[in-house]
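Asker: Note that my numbering has the sequence shown beginning at 3, numbered continuously upward.
Treat the hints loosely; a few may be bogus.
Now the in silico label distances, taken between C-beta atoms and shown as ranges [unchecked claim]:
{"no.": "1", "residue 1": "D83", "residue 2": "L129", "range": "26 to 34 Å"}
{"no.": "2", "residue 1": "K201", "residue 2": "A139", "range": "31 to 39 Å"}
{"no.": "3", "residue 1": "D179", "residue 2": "L127", "range": "28 to 36 Å"}
{"no.": "4", "residue 1": "D204", "residue 2": "S279", "range": "52 to 60 Å"}
{"no.": "5", "residue 1": "Q252", "residue 2": "R161", "range": "32 to 40 Å"}
{"no.": "6", "residue 1": "P53", "residue 2": "L121", "range": "26 to 34 Å"}
{"no.": "7", "residue 1": "L121", "residue 2": "G33", "range": "39 to 47 Å"}
{"no.": "8", "residue 1": "S73", "residue 2": "S279", "range": "49 to 57 Å"}
Restricting the straight-line Cα-Cα distance to at most 25 Å, the calculated cross-link-like pairs of lysine-lysine (DSS-like) are [said to hold, decoys possible]:
{"no.": "9", "residue 1": "K153", "residue 2": "K117"}
{"no.": "10", "residue 1": "K268", "residue 2": "K117"}
{"no.": "11", "residue 1": "K153", "residue 2": "K268"}
{"no.": "12", "residue 1": "K201", "residue 2": "K153"}
Worth flagging that the hints you see were computed from the coordinates, not collected in a lab.
Quick caveat: nothing in here was measured; it's all calculated off a predicted structure.
Backbone N, C-alpha and C fix where the C-beta goes; we use that ideal spot for every residue, glycine too.
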Amino acid sequence: MRYPDLEIDLLRAFTTVAETGSFTAAADVVGRSQSAVSQKIIRLEDLLGRPLFRRTSRSLVLTGEGERLLSAARRMLEFNDLAVRTLVDSAEVERLRIGISEDFVPHHLPALLSKFASLCPAVRLELMTGLSCNLLAAYDEDRLDIVIAKKDGRAQRGRVIWREPLMWISSNQYDRDPGEPVPLVLLPAPCTYRGVAIKALDSVRRDWFVACTTNSLAGARAAVAGGFGVTVLGRSFVQDGMQVIRPSDQWPALPMTEIVVIGEEKSEARIVQPLLSFLTDNLAH
3 MRYPDLEIDL LRAFTTVAET GSFTAAADVV GRSQSAVSQK IIRLEDLLGR
53 PLFRRTSRSL VLTGEGERLL SAARRMLEFN DLAVRTLVDS AEVERLRIGI
103 SEDFVPHHLP ALLSKFASLC PAVRLELMTG LSCNLLAAYD EDRLDIVIAK
153 KDGRAQRGRV IWREPLMWIS SNQYDRDPGE PVPLVLLPAP CTYRGVAIKA
203 LDSVRRDWFV ACTTNSLAGA RAAVAGGFGV TVLGRSFVQD GMQVIRPSDQ
253 WPALPMTEIV VIGEEKSEAR IVQPLLSFLT DNLAH
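Make the full structure from the sequences, and use the hints.
Answerer: Shown next, in the form of structure tokens:
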């Protein structure tokens, strides 16, 4: 059996009349004329095929059917208002799509997110973490508003907010004959760290081979700590069980790595400006 569809406008008039006890009072609440409210109730009764009020010259009382409808009508109005509020409020909420490089994970990200939550409680954050090259690609495809990432050697863009020296890093147990090829732990191209390591070893004509390829900085650090080989990372990635190999004829000195912020010129950047100020102030210490 197909039931009639109940109009929200009619249900709202019905609940208002039931709660105020008269067409006149209900008309004042909904901002319509008394006759308009009365017509809505008549339409609703015709739609349901039964009276909802007992009318006398002195009173207006719900019938048994009206009492049963009232509870359901209130719930339907609540669901209606919830659905509308969800759409309207979400359209007004500011959103920020931010990408943060793994170079900041786990050292700076927790404090950064905590500060963001306190500075921007009304902003809905969409966070992407990963390798800098992937974040920059997502930014170029307009899937991110702001990116904090390692400077891309191919495209010199963004404002530098942090510099850190790169280091040759190995496990504490690493002690390979200088005459043997260097086992490298590398990320896939076009990773900047990969290019720096290979270029440095080639500059001193030292042989090398890829002992382990990993898709994340966390994986690279784990592989090095596990003894797979040597990698190039920022100084902050050194952890227990690792050692820094000092520069020598066999281990060329390495450049600095730079972390940049990209997207500050966008309108969404104003949301993140207090966060960037907090970040640069703390990185300076």
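Asker: Take the C-beta atom of P53 and the C-beta atom of L121, compute their distance, and say whether it sits inside 26 to 34 Å.
Answerer: This hint is violated: roughly 58 Å between Cβ atoms.
Asker: In this structure, is the beta-carbon distance linking D179 and L127 contained in 28 to 36 Å?
Answerer: violated, 50 Å
Asker: Can you tell me whether the CB distance of K201 to A139 sits inside 31 to 39 Å?
Answerer: violated, 23 Å
Asker: Take the C-beta atom of D204 and the C-beta atom of S279, compute their distance, and say whether it sits inside 52 to 60 Å.
Answerer: violated, 41 Å
Asker: Is the straight-line distance between the alpha-carbon of K201 and that of K153 25 Å or less?
Answerer: Judged against 25 Å, a Cα distance of about 17 Å means the pair holds.
Asker: Go ahead and decide if the range 49 to 57 Å is satisfied by the Cβ distance of S73 to S279.
Answerer: holds, 53 Å
Asker: Take the C-alpha atoms of K268 and K117, compute the straight-line distance between them, and say whether it is at most 25 Å.
Answerer: holds, 21 Å
Asker: Does the Cβ-Cβ separation between L121 and G33 fall within 39 to 47 Å?
Answerer: holds, 41 Å
Asker: Sort out whether K268 lies within 25 Å of K153, counting only the CA atoms.
Answerer: holds, 19 Å
Asker: Next pair to validate is K153 with K117; report whether the Cα-Cα distance is within 25 Å.
Answerer: Since the Cα atoms of K153 and K117 sit roughly 24 Å apart, the hinted pair holds (cutoff 25 Å).
Asker: So the hint says 32 to 40 Å: do the beta-carbon atoms of Q252 and R161 match that?
Answerer: holds, 36 Å
Asker: Just tell me: holds or violated, for the beta carbon distance of D83 and L129 against 26 to 34 Å?
Answerer: holds, 31 Å
When each numbered hint is compared with the structure, violations occur for hints 2, 3, 4 and 6.
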